[in-house]
Amino acid sequence: MDYNILATTEKITMSAASSQLWMNLRAIGDPKPKVSRSRIKGIVMAETSLDPVEAILRLREHMESDVDRYDKLFRVFPVVARVPTEIDAIVEEVKRQAIVIEEGQKFRITLEKRDTDFRSLDIIDPVASVIERDVD
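Throughout the sequence shown, residue numbering follows my numbering, covering 41 to 176 in sequence.
Derived from the structure by calculation, the hints contain no laboratory data. Ideal placement from N, C-alpha and C gives every residue a C-beta, glycine not left out. Possibly wrong hints are sitting among the right ones.
[To be verified] Have a look at the derived ranges for each label pair, beta carbon to beta carbon:
1. T48 <-> P124: 20 to 26 Å
2. P124 <-> E50: 24 to 30 Å
3. R154 <-> M63: 21 to 27 Å
4. T125 <-> D91: 23 to 29 Å
5. D91 <-> S59: 20 to 26 Å
6. L161 <-> D106: 38 to 44 Å
7. I139 <-> D106: 18 to 24 Å
[To be verified] List time: in silico EDC-like cross-link candidates among lysine to aspartate or glutamate, alpha-carbon distance up to 20 Å:
8. K74 <-> E126
9. K153 <-> E50
10. K72 <-> E50
11. K146 <-> D174
12. K81 <-> D42
13. K153 <-> D165
14. K135 <-> E101
15. K135 <-> D106
16. K74 <-> E87
17. K112 <-> E133
18. K153 <-> E133
19. K51 <-> D111
20. K72 <-> E94
21. K112 <-> E152
22. K135 <-> E152
23. K146 <-> E133
24. K135 <-> E172
25. K74 <-> D91
26. K153 <-> E126
27. K72 <-> D91
28. K146 <-> E172
29. K146 <-> D176
30. K81 <-> D155
31. K112 <-> E101
32. K135 <-> D165
33. K51 <-> D155
34. K51 <-> E152
35. K112 <-> E50
36. K81 <-> E50
37. K153 <-> E132
38. K146 <-> D165
39. K153 <-> E172
40. K81 <-> E152
Using the sequences plus the hints, can you model the full thing?
And the structure:
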């Protein structure tokens, strides 16, 4: 499945979380979202026809008025790029994405790891070194 949104949930609520994500994507204007459980427990994938960043903003707004429709979803992320799980590839993509961090703005690196042997600092240190901004 091609996906541009990831969501986290409890392992035992993956089906309910998948349904919630599908219904909420429809509620914010996607006529035919596709939602699937990933092979990694606790991760739900979705493909939306909306811009994924805009979809997240709309979901946040929608959640304010109907919070009960999100009780199985922990976090929902846009996927703006996918790269191989190789540090050099990750660093190169971060260089491309770093242009959205404005001058004087701080940034934070949050790493969500599943099913990998990398330690967090194996990735965070090289990524932080290529962004010429203060770390928050």
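Report task. State the violated hints by number, sorted upward, taking the hints as numbered earlier in the document. Result -> 7, 8, 10, 14, 15, 17, 39
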